[in-house]
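Asker: Those protein sequences? They're chains A and B, same order as listed.
All residue numbers for the first sequence refer to the numbering used here, where the first residue is 1 and numbers rise by one.
All residue numbers for the second sequence refer to the numbering used here, where the first residue is 1 and numbers rise by one.
Derived by calculation from the structure, the hints in this document are not laboratory data.
Because the structure is a prediction, the values reported are computed rather than measured.
Among the clues, some could well be false.
Claimed, not checked - Within a straight-line C-alpha distance of at most 30 Å, the following computed DSSO-like cross-link-like pairs (lysine-lysine) qualify:
| # | chain 1 | residue 1 | chain 2 | residue 2 |
| --- | --- | --- | --- | --- |
| 1 | A | LYS371 | B | LYS215 |
| 2 | A | LYS354 | B | LYS105 |
| 3 | A | LYS371 | B | LYS206 |
| 4 | A | LYS354 | B | LYS177 |
| 5 | A | LYS432 | B | LYS215 |
| 6 | A | LYS451 | B | LYS105 |
| 7 | B | LYS215 | A | LYS410 |
| 8 | B | LYS105 | A | LYS410 |
| 9 | A | LYS354 | B | LYS164 |
| 10 | A | LYS354 | B | LYS206 |
| 11 | A | LYS410 | A | LYS432 |
| 12 | A | LYS354 | B | LYS205 |
| 13 | B | LYS205 | A | LYS432 |
| 14 | A | LYS354 | B | LYS181 |
| 15 | A | LYS432 | B | LYS206 |
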Amino acid sequence: MEQKTTESFIWKPYLITVLFIVLMTIGLRATRDFFDQVNAVLLYLVPVLYSAVRWGRGPAFFTAGIGILAFDFFFVPPVFSFTVSDLRYLISFIVFMSVAGLTAGLASKLRSQIVQARQREASTAALYALSRKITAVSDLEALLAEVVPHISEMLKAQAAVLLPSRVEPMSMEVYPMDAQAWAADEAHVSVAAWVYRHNAIAGRGTKSLREASELYVPLHTDRQVHGVLVISVGDIPLAEMPGLILTAEALSDLVAVAISRVKLASEAKVAQLSAESEKLRTAMLDSLSHELRTPLAAVTGSVTSLLEHESLFTPEDRRELLVTIREGAGRMNRLVGNLLGMVRIESGMLRLNKHWCGVEDIVGVALTQLKDSLQQRVVDVRFDPDLPSVPLDEVLMEQVLINVVSNAVKYSPENSRILIEAGRSGAMLELKVRDEGKGIPAGELQMVFEKFYRGKATSSIPGTGLGLAICKSIVEAHGGRITARSGTGQGTEIVILLPVHMAEGEDGKI
Amino acid sequence: MSLSGAKILIIDDEPQIRKLLRVTLNAHGYDISEAATGQEGVVQATMIRPDLIVLDLGLPDITGMEVLRQIREWAQMPIIILTALDQEQDKVEALDLGADDYVTKPFGMGELLARMRVALRHTAKTQDEPVLRLGGLVIDLSQRLVELHGEKLKLTPTEYDLLKVLAINAGRVMTHKQLLKQVWGGHQYESDSQYLRVYVGHLRKKIEEDPARPKYILTEPGIGYRFAWQEM
Chain A
1 MEQKTTESFI WKPYLITVLF IVLMTIGLRA TRDFFDQVNA VLLYLVPVLY
51 SAVRWGRGPA FFTAGIGILA FDFFFVPPVF SFTVSDLRYL ISFIVFMSVA
101 GLTAGLASKL RSQIVQARQR EASTAALYAL SRKITAVSDL EALLAEVVPH
151 ISEMLKAQAA VLLPSRVEPM SMEVYPMDAQ AWAADEAHVS VAAWVYRHNA
201 IAGRGTKSLR EASELYVPLH TDRQVHGVLV ISVGDIPLAE MPGLILTAEA
251 LSDLVAVAIS RVKLASEAKV AQLSAESEKL RTAMLDSLSH ELRTPLAAVT
301 GSVTSLLEHE SLFTPEDRRE LLVTIREGAG RMNRLVGNLL GMVRIESGML
351 RLNKHWCGVE DIVGVALTQL KDSLQQRVVD VRFDPDLPSV PLDEVLMEQV
401 LINVVSNAVK YSPENSRILI EAGRSGAMLE LKVRDEGKGI PAGELQMVFE
451 KFYRGKATSS IPGTGLGLAI CKSIVEAHGG RITARSGTGQ GTEIVILLPV
501 HMAEGEDGKI
Chain B
1 MSLSGAKILI IDDEPQIRKL LRVTLNAHGY DISEAATGQE GVVQATMIRP
51 DLIVLDLGLP DITGMEVLRQ IREWAQMPII ILTALDQEQD KVEALDLGAD
101 DYVTKPFGMG ELLARMRVAL RHTAKTQDEP VLRLGGLVID LSQRLVELHG
151 EKLKLTPTEY DLLKVLAINA GRVMTHKQLL KQVWGGHQYE SDSQYLRVYV
201 GHLRKKIEED PARPKYILTE PGIGYRFAWQ EM
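This is chain A alone, in the form it adopts within the complex (with noise of 0.2 Å):
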């Protein structure tokens, strides 16, 4: 195969030259009164340049030679004869064959410059074609299925890349997957794992299996191999490699710095993630610890006082203790309900349970459930007569009415006013619950629905940061929105729009 392709590469310049050489020949002949000797010899000068330009060292030899031979043969005396009966001649053949020599040296240096020149350019250019592709791609996968077609395009061959799986330390994955088949072949498999660890080219023209129909360049950054570029070259000339290999050199720089930045992007993006979530851990650690040891110290206390110490107590004391340990049992078990809550959110578990239902029946539920802990807190509930059936989640609307009405009662002084309205506003049904409290500064009005988010005004007082958080997410998954108006020192207002009518796809069924 190879044979025969070189013959035929190789042939077709040598016969165009003979051609050449007769035609000028016969041209020659017939015009040899018109050209001296010298001219003649000096015209022959025109195919051997033109050959080496065109075909470089070798055809411009040959048509050198023959030249000369028909030269001699031609217009020498004796004509039609090899004979030179002038030795003088024999210094114009030596001095015809020097220039020969050395223009067609020059000639084809040049030439294979050009060649050397355009193969850059050409190289160059495809390099930049492809830097500018893989600066986009953040992803590991996506960049390799992007860059090794490129790569196979570009060199004519198939390549893979090879990169140490994260499973097993010893194994190399491949990809793209499609180049499965010829690339995680056990033997290129082995040879990607030792070019991997020794960080060294190695393959078809270099200096480890110098013989194989594979290359495989390592690619590293300076801080780390990141993977092997597997080509398959097939049976390219040796002679031609050393470019190949440069090229590939090159390519694989380029794809090794693409890879360490996908993984510093991404391992940027892990450390930035888990330190966030470690904020969020610790922040709950924080406040789950104290919310729950609070109230859990009041009825240890009370308890032991009690089982330790009672006969000293009035029946009053007793009764009083035994309240208090009711007390934290209650809010105990609101915090534990609040977590759950979250907890469900958060894995999205929230399932909607909704029915036809009266906001004046929820509301009622829910003040009924706070009965004992409104202390001395007037609740003025003003209900429009009209209010339409609305489509509801009845528990979880309790528990967001509940988290609502006892924060407006935990912010506000002793026989202050809670007013709770109810009204029908376009589309929406709009339930505000405004309590006579501390407020909540402008600039943290939307924050308090924050996960954690505690007022820093308040901060002393007791609490997770997690009840309007909760109120949010049940609020939005009925399609509605909950929002607090405030100024510092009038009280705050949360506003809850619920749709009154069943989003599509409901249909109102029990």
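Starting from the structure of chain A, add chain B where the hints point.
Answerer: Showing chain B alone in chain A's frame:
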């Protein structure tokens, strides 16, 4: 049958809860038996023939729901469900399977005792009384008359039927399904709780002082309604 001295079977796998119930219910004069698993509970129920069963829904071997089903195959004694789950669906399922009432953990002992008394009273009641007196509300079942603080109330037939069902079952939770079935009878509205809600709203406007904070007809969110029951 006196309410005190009634035989109570407690089916719960938590020793602490069993102990709490044993001590408290004993002090109130009940006769207590215990079972720590569902299987044992079913066996005990057949052997002891308790007057009332307190059943925890979360049992280690078979589910409380299964225990309920097995007991209900042959016995009608009241069963009160104890559940730590705040999943309303489970409560509704248990109630529709024939449980009489439920108490959610953590529960106040007063609440459990009240539920038990209501349940025992309903089974003890041998003949229907023609007149129900509930607080300021008097319902004369024979004449279909309702009086509130001595004043006659005008109720539509549906409102009256709804009030009657609730009042006969005073103190006991009624699920949406049970009410729809007993008041409207057929299956026509069985799946429409909005209908029920509207009628409860009308009733409340007529009998409650402050419909926003009802004293008679209480909402059990996600489950149904309960007519408040005072000891008389």
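Asker: Which numbered hints does this structure break?
Answerer: Nothing - there is no hint that the structure violates, so all of them hold.
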